[in-house]
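Engineer: Here are the chains, one letter per residue:
There are 2 protein chains.
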Amino acid sequence: MRVIQKYGGSSVATLELIRGVAKRAIATKNEGHEVVVVLSAMKGETDRLIELAKKAHPNPEPRELDNIVATGEQVSIGLFALVCQGFGEKVKSFLGFQAGVKTDDHHGRARITDLDPSRIRTELAKGRIVAVAGFQGIDRHGDLTTLGRGGSDATAVALAIGLKADICEIYTDVDGIYTTDPHICEKARKMERISYEEMLELASLGAKVMEIRSVELGMNYGVAIHVRHAHSQATGTLILKEDSDMEKTPVRGVTLSVNEARITLLKVPDLPGVASRILGLVAKAGIVVDMIIQNRSYNDNPETEKMTDFSFTVPLNDYAQTLELMEAAAQEIGAERIVGDEDIAKVSLVGVGMRNHAGVAALMFQTLAKESINISMISTSEIKISCVIEKKYGELAVRALHDSFELDKAQK
Amino acid sequence: MRVIQKYGGSSVATLELIRGVAKRAIATKNEGHEVVVVLSAMKGETDRLIELAKKAHPNPEPRELDNIVATGEQVSIGLFALVCQGFGEKVKSFLGFQAGVKTDDHHGRARITDLDPSRIRTELAKGRIVAVAGFQGIDRHGDLTTLGRGGSDATAVALAIGLKADICEIYTDVDGIYTTDPHICEKARKMERISYEEMLELASLGAKVMEIRSVELGMNYGVAIHVRHAHSQATGTLILKEDSDMEKTPVRGVTLSVNEARITLLKVPDLPGVASRILGLVAKAGIVVDMIIQNRSYNDNPETEKMTDFSFTVPLNDYAQTLELMEAAAQEIGAERIVGDEDIAKVSLVGVGMRNHAGVAALMFQTLAKESINISMISTSEIKISCVIEKKYGELAVRALHDSFELDKAQK
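Same order as they appear, the protein sequences are chains X and D. Just so we're aligned: 83 in our numbering is position 10 of the first sequence, and the numbers increase by one with no gaps anywhere. Just so we're aligned: 161 in our numbering is position 88 of the second sequence, and the numbers increase by one with no gaps anywhere.
One chain only, chain X, in its complex shape (with noise of 0.2 Å):
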């Protein structure tokens, strides 16, 4: 087999961990595997050189920032070298643009366009493992770039499309993708196996084990992504293709996040263009909505002009900002008030298997009410569904719908 590892920066965040992951590589190629590693900048590292950087410059060039950024996982790979040799084994390290990572030239978040891995492929035909920078490549003007943060999970996944690797193995801090935050509810269980959509739809609602793009990127070109970890040496979670072997609950998972705030704009005018208008504003800020709702307009009279409320949910950073934008484009917008609110939490359900099954929502919504949760706002997809209650009853609502779900038993 021809093994991706891609392992954190938690992972590699001393010489001690360095030397764990370094063990597991060369155990992995005494199996009789072919093993590229992946490696993060040491746990802080990253941070240290961009504080760094801004101590230079407050607002520091994208460019010249990714030159001194992209160190932290050079240094990274030749640690992680010079460990294996100790251990008497063969191996070779590549930089982002000596493993053929190229990149848009959007630095900082430059996205992988191309690879070339032909010296990896050298270097593995000569039964050495290669140990390659993530987060980092070059553009085609010859520069440095950085892939954003979780950058290295998109490289391991970018370098098992191109090596075409059998499995792509995420080394992180926790065991695998769970049915909902452990911290939260003890009866959270690991999941074996979980669809590329669904974990799409769990790390962008929190639980941040693995960088969206990547996941994304794993689905397109079907790459078999195992989330592990480091220190372990149980197996962890599977993500594949939605197939018949997986678990046939309509529920996968249940997460919460407290880090969005709602505005609410009172009784604008339900006119064409006034949702663009608002959202437009936010939008020139850059500032990422989430959930949307406009109510259904309540001035039956004809002879007025119609109203509605006009909400939506934004990052709690951005939140002071954009009630200031709202606030000062009131009168334009023509809403009467704009209300704020910081104590809510967004609570919810994913699985593909809602797809086929009717009863979801209706058991969702039963299941705080009995709890005495109101909601305030609802927002579905095709895989998912979010609801917005008081803060408060956010752990309240995650544990009363794992149980509600009985996401605690495996149902196969």
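Copies of the same chain look alike in the list, so a pair counts if it fits in one copy or across any two.
DSS-like cross-link-like pairs, simulated, lysine-lysine; straight-line CA separation at most 30 Å:
1. LYS128 <-> LYS163
2. LYS128 <-> LYS199
3. LYS199 <-> LYS175
4. LYS116 <-> LYS128
5. LYS96 <-> LYS127
6. LYS102 <-> LYS128
7. LYS116 <-> LYS127
8. LYS482 <-> LYS314
9. LYS127 <-> LYS199
10. LYS163 <-> LYS175
11. LYS465 <-> LYS260
12. LYS263 <-> LYS464
13. LYS163 <-> LYS357
14. LYS102 <-> LYS127
15. LYS96 <-> LYS128
16. LYS163 <-> LYS127
17. LYS314 <-> LYS260
18. LYS163 <-> LYS102
19. LYS199 <-> LYS96
The hints are simulated quantities; they were obtained by calculation from the structure and are not laboratory data. Note that the structure is predicted; figures quoted are calculated from it, not measured.
For this one, chain X is given, so just place chain D on it according to the hints.
Structural biologist: Just chain D, lined up with the frame of chain X:
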């Protein structure tokens, strides 16, 4: 004018110092010049990285070590560029390989084999300051290499050649080349100009201002080098081709080295090949020999084997090992006895004028004799005379010679 400015590690040790360096580069540009800045790693950073690598492997593979160590300069140029941008200046930084610095593949001590500064030219034409990571390049395999300690000087001189620069400024923490060490002799005088040949002898003798190979390179291509203080406006010392404008004094400088030890093999059979056998053993151990003296055979009886005493000096660090080597080989070589001496100093006079001036050696010996300093070894070259004396007289000898040759007075 096209100006190369090289700043060493002590000149960019902190962000505050980098700001000073950036201001100087910008001021040079504002005088109407094109400016290329070559930077070393922040002081202490290279040592930190080497130490880290040695923790990963006591004897790190040079290729992997280069990957790790090269990050030092990478961070420096990024920070420099950001600081310049903070001052509103247009600037672009280049890693060694982006600046077109091609080297052989001797990792850790690579030599520059070729230079393609086309990207630098393009940016200069756009009115930008260009910052280049010193000390590093890329070999024909596409692997990063480093040029060894002092390698940033080599980068600067190579760029001066490749870009046909008018001047190569080497900024350091001293304000020029002195007639001798000012810490030893308070009458030491900064020289305005000095020839490449003199600088080569002074550098190899311990005036650790600039790397030897770079002076050689500059000499071969006639690059005007200006050694000066990074944080002072005073002019330093110009290193140039010997010309009629230079001071007319035969002796230009006095140097002292106390980092050597002497080993003497007593009563060695004076047979062909004995010297090469002795030095072959030393060379095989990777030890660099400096002075070598073989006394005339002292047995004039044609009936018995001729004998000689054979002495050489090695770096103090290698003394113990060399002594062991010689003692182990004494019988094979046929030496009667091995004696070593760590308590030696080497005092040298340097000056291209010696070529045309008789009497320099005589005045040197006379000066030392007047101070009752015994000379135990002498070696001479065209522009240098060195005497080995007892270590405790080293500084006294320097002061006496400095006085005797009136080096405190500029002679035109």
